[in-house]
Amino acid sequence: RMHFIVQREGDCADRGTGCAQIYLEYPEVERHGGSGVADSINAVIQEFVLGPFLGNERPDSAGTLITQFMGSYRLAKKEYPSATSWTLERHVMMARDTLGIAAIAMRWYEFTGGAHPNTRTEYASFEVRTGKRLRLSDLTFPGRGNDLNAIAETTFRILKRLPPEGGLASEGFWFENDQF
Numbered sequence: 001r002m003h004f005i006v007q008r009e010g011d012c013a014d015r016g017t018g019c020a021q022i023y024l025e026y027p028e029v030e031r032h033g034g035s036g037v038a039d040s041i042n043a044v045i046q047e048f049v050l051g052p053f054l055g056n057e058r059p060d061s062a063g064t065l066i067t068q069f070m071g072s073y074r075l076a077k078k079e080y081p082s083a084t085s086w087t088l089e090r091h092v093m094m095a096r097d098t099l100g101i102a103a104i105a106m107r108w109y110e111f112t113g114g115a116h117p118n119t120r121t122e123y124a125s126f127e128v129r130t131g132k133r134l135r136l137s138d139l140t141f142p143g144r145g146n147d148l149n150a151i152a153e154t155t156f157r158i159l160k161r162l163p164p165e166g167g168l169a170s171e172g173f174w175f176e177n178d179q180f
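Be aware that the sequence shown starts at 1, since it is given in our numbering, and climbs by one per residue.
I should point out that these hints are in silico values taken from the structure, not numbers from a laboratory.
Nothing here was measured: the structure is a model prediction, and the numbers come from that model.
Treat the hints loosely; a few may be bogus.
Unchecked claim - The following label-pair restraints were derived from C-beta to C-beta distances:
| id | residue 1 | residue 2 | range |
| --- | --- | --- | --- |
| 1 | T154 | L54 | 34 to 40 angstroms |
| 2 | I151 | A13 | 46 to 52 angstroms |
| 3 | R144 | N56 | 39 to 45 angstroms |
| 4 | G172 | G36 | 20 to 26 angstroms |
| 5 | T154 | R1 | 40 to 46 angstroms |
| 6 | S137 | G113 | 38 to 44 angstroms |
| 7 | L54 | F4 | 21 to 27 angstroms |
| 8 | K132 | G172 | 33 to 39 angstroms |
| 9 | P142 | T67 | 46 to 52 angstroms |
| 10 | T140 | E25 | 28 to 34 angstroms |
| 11 | A169 | S61 | 36 to 42 angstroms |
Beta carbons are placed, not taken as given, at the ideal position from N, Cα and C, and that holds for glycine.
Let's have the full structure, built from the sequences with the hints guiding it.
What follows is the structure in structure tokens.
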């Protein structure tokens, strides 16, 4: 079953200022038997959808997330009346169910003013029989994770037209410890 939640406040017809909007779209995996698969996948979905916003505490429901978001927007508008419109989107879709592995794609978009919005996409894979969340090491041959990472970095540098060597931060990308 899919959940679609849309909440708007203010004049959303004027895309420049005066509007706060939140879009949440996510599945709720139905339980079949007692394997815990649905519980495992739903827990990851809820953790993503209910992620904290602007340093607020982690909400316990979509309603609380909406209240936090709209409240933060109202405070910003009160302090800065010409503040731009805000948008928060969190979308989760079932991406694949192949060879006993189910995958979900989670997309996050946030704009609260500034030069650009923030976006990210995450994927999570689960063993269908047990509901175990899989890690990269579960999907690759032992000891080959570094080989795969090297291939991914080379591909990333080619796609982004970056030199084959050198730091990524100096090119405008953020990776923990400046490592791919």
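Going down the list of hints, with the structure as the test:
no.: 1; hint: T154 <-> L54: 34 to 40 angstroms; verdict: holds, 36 angstroms
no.: 2; hint: I151 <-> A13: 46 to 52 angstroms; verdict: holds, 48 angstroms
no.: 3; hint: R144 <-> N56: 39 to 45 angstroms; verdict: holds, 40 angstroms
no.: 4; hint: G172 <-> G36: 20 to 26 angstroms; verdict: violated, 42 angstroms
no.: 5; hint: T154 <-> R1: 40 to 46 angstroms; verdict: holds, 41 angstroms
no.: 6; hint: S137 <-> G113: 38 to 44 angstroms; verdict: holds, 40 angstroms
no.: 7; hint: L54 <-> F4: 21 to 27 angstroms; verdict: holds, 23 angstroms
no.: 8; hint: K132 <-> G172: 33 to 39 angstroms; verdict: holds, 37 angstroms
no.: 9; hint: P142 <-> T67: 46 to 52 angstroms; verdict: holds, 47 angstroms
no.: 10; hint: T140 <-> E25: 28 to 34 angstroms; verdict: holds, 31 angstroms
no.: 11; hint: A169 <-> S61: 36 to 42 angstroms; verdict: holds, 37 angstroms
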